[in-house]
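Visitor: Please put together the full structure from these sequences, using the hints given.
There are 2 protein chains.
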Amino acid sequence: MNELLLVDRLRRISGKGGGVIRGIGDDCAVFRPKAAEDLLLKIDQLIEGVHFPASMLPEVVGERALARALSDIAAAGGDPRCCLVALAVPRTKADRWILLFFGGLLRLAERTGTVLAGGDLAHDDKVHCSVMVVGAVKRGKALTRAGARPGDHLYVSGRLGKPWDQRIEPRLALGRKLAGKATACIDLSDGLALDLHRLCKESRVAAQVESVPMVQGVSLERALQGGEDYELLFTMPPRLKPPAGTTRIGTIVRGNAGTVWFEGQKLEPRGYDHFA
Amino acid sequence: MNELLLVDRLRRISGKGGGVIRGIGDDCAVFRPKAAEDLLLKIDQLIEGVHFPASMLPEVVGERALARALSDIAAAGGDPRCCLVALAVPRTKADRWILLFFGGLLRLAERTGTVLAGGDLAHDDKVHCSVMVVGAVKRGKALTRAGARPGDHLYVSGRLGKPWDQRIEPRLALGRKLAGKATACIDLSDGLALDLHRLCKESRVAAQVESVPMVQGVSLERALQGGEDYELLFTMPPRLKPPAGTTRIGTIVRGNAGTVWFEGQKLEPRGYDHFA
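Chain order of the listed sequences is Z and E. Quick note on our numbering: the first sequence kicks off at 1 and runs consecutively. Quick note on our numbering: the second sequence kicks off at 1 and runs consecutively.
For the record, the hints were derived by calculation from the structure and aren't laboratory data. Predicted, not measured: the structure shown is a model, and the values here were computed from it. Hints are not guaranteed to be accurate.
Same chains, same names: a pair is fine if it fits in one copy or spans any two.
[Claimed, not checked] Derived lysine-lysine pairs resembling DSS-like cross-links, with alpha carbons at most 25 Å apart:
| id | residue 1 | residue 2 |
| --- | --- | --- |
| 1 | Lys34 | Lys141 |
| 2 | Lys16 | Lys138 |
| 3 | Lys34 | Lys138 |
Guide: Okay, structure coming up:
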């Protein structure tokens, strides 16, 4: 199949709506924002041999590529609107692989109200995918990493230390509940130690962690420094009740920006860092 | 340098404004659209060994990666607002390479009013870059490939058949002039034969091409089927005067959607097609 035919096929299976006026098949997608909304923009890449093994099923790769970017939209308290996908695949991978990849991606897209609005296809030695997601949030209500204040309680959703290849369920419903309530929020993609350090650094505060909810059987190190949990880590003033399914793990305190204390010891900002 | 330091550095050298409320350093960038504007979204990838040779200077790669996506914003008649960049580089490339890449990209970004709003860094065997650009255009005024009508005159900017490694100058000023005037527009990234076919197919019309302005010394085949020209190809009703620097090359006619005639012969939709 050549690119023209493949694009035609994708166009037929991709959705419509969500502000997307013109989608696949033009130089640009055209998106009409609603009044009084801010947009959230995120780009994330997924590389064969780096972020996933060559043996991973194409539909799982597709789903995962979108899920990772959606997790960041959740962390900002937003609703996903549309996505654009740049995909490079080896010539040895048949069109079937590409269509299965988009099949997996589009199932999650449909479930979360994300329209596939455009993309770019190329051949390369191995699979390399970049997903860009546009989300929306009420004007001025986007959650960021900056905003945690000393005295805020620190919470996490779910349990930490999940197997890295487990299905990612972006915490979009939780993120929406937190918008306008949480003082700061980040998604746990690189591990609690590193991501909490980032949140504290942006907020110019320190944090004290007492205990974390862990997946049964994993080591404390895995729960603190393993990546790919895709849960939300957030802070709230003590007077607010946290949503169900979240656990308080500590408190925001004054101190050197970015310092994290765990059981009386400094927790080093180690985790999944591609550039360490 | 680790990722935290590199991101800090990029944050300091990246611009502000253009609707970007929160840029590099958070889970998502936050962008505030202006009232009565539609947004243009484009993702484009640039791969070492596929789109450029390993020997290309990092600042040229960076500039080129952004220029290609900006060319699509130009074709839609828009103003670029911000961009997000996913970059994978080999471990052998020092941080210096990354900073030079962003140096080249940011020079073009500044010149065109494009704010670097976010990104994602990873290591891979070779350089792989995806650039996502957000542009803006007056509501309902985005140029698309669909809209050319029989009788419209067909124009192209510049001359065709440029060396593929020549600097790309996205035709943003021309695109802005065409918004609301041209009936259809596309940028010439894959060659006149293929891109005109695409425009005609989307507009459900055919085209007759009489002659094309060529770079001195190149073959007709190169001018018609060579890619990487990044000029604008557009259609206008005969009563409108085309902007300076453009040449009329033919006429839109009734016929099978997508058919292109050149000197009485059918021009096959051949050009740069990664999936051919």
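Visitor: Would you mind marking each hint as holding or not holding in the structure?
Guide: Each hint tested on the structure:
1. Lys34 x Lys141: Answer is both; intra-copy 15 Å and inter-copy 17 Å each pass.
2. Lys16 x Lys138: Classified as both; 22 Å inside a copy, 21 Å across copies.
3. Lys34 x Lys138: both (10 Å within a copy, 14 Å between copies)
Hint check: no violations occur; every hint is consistent with the structure.
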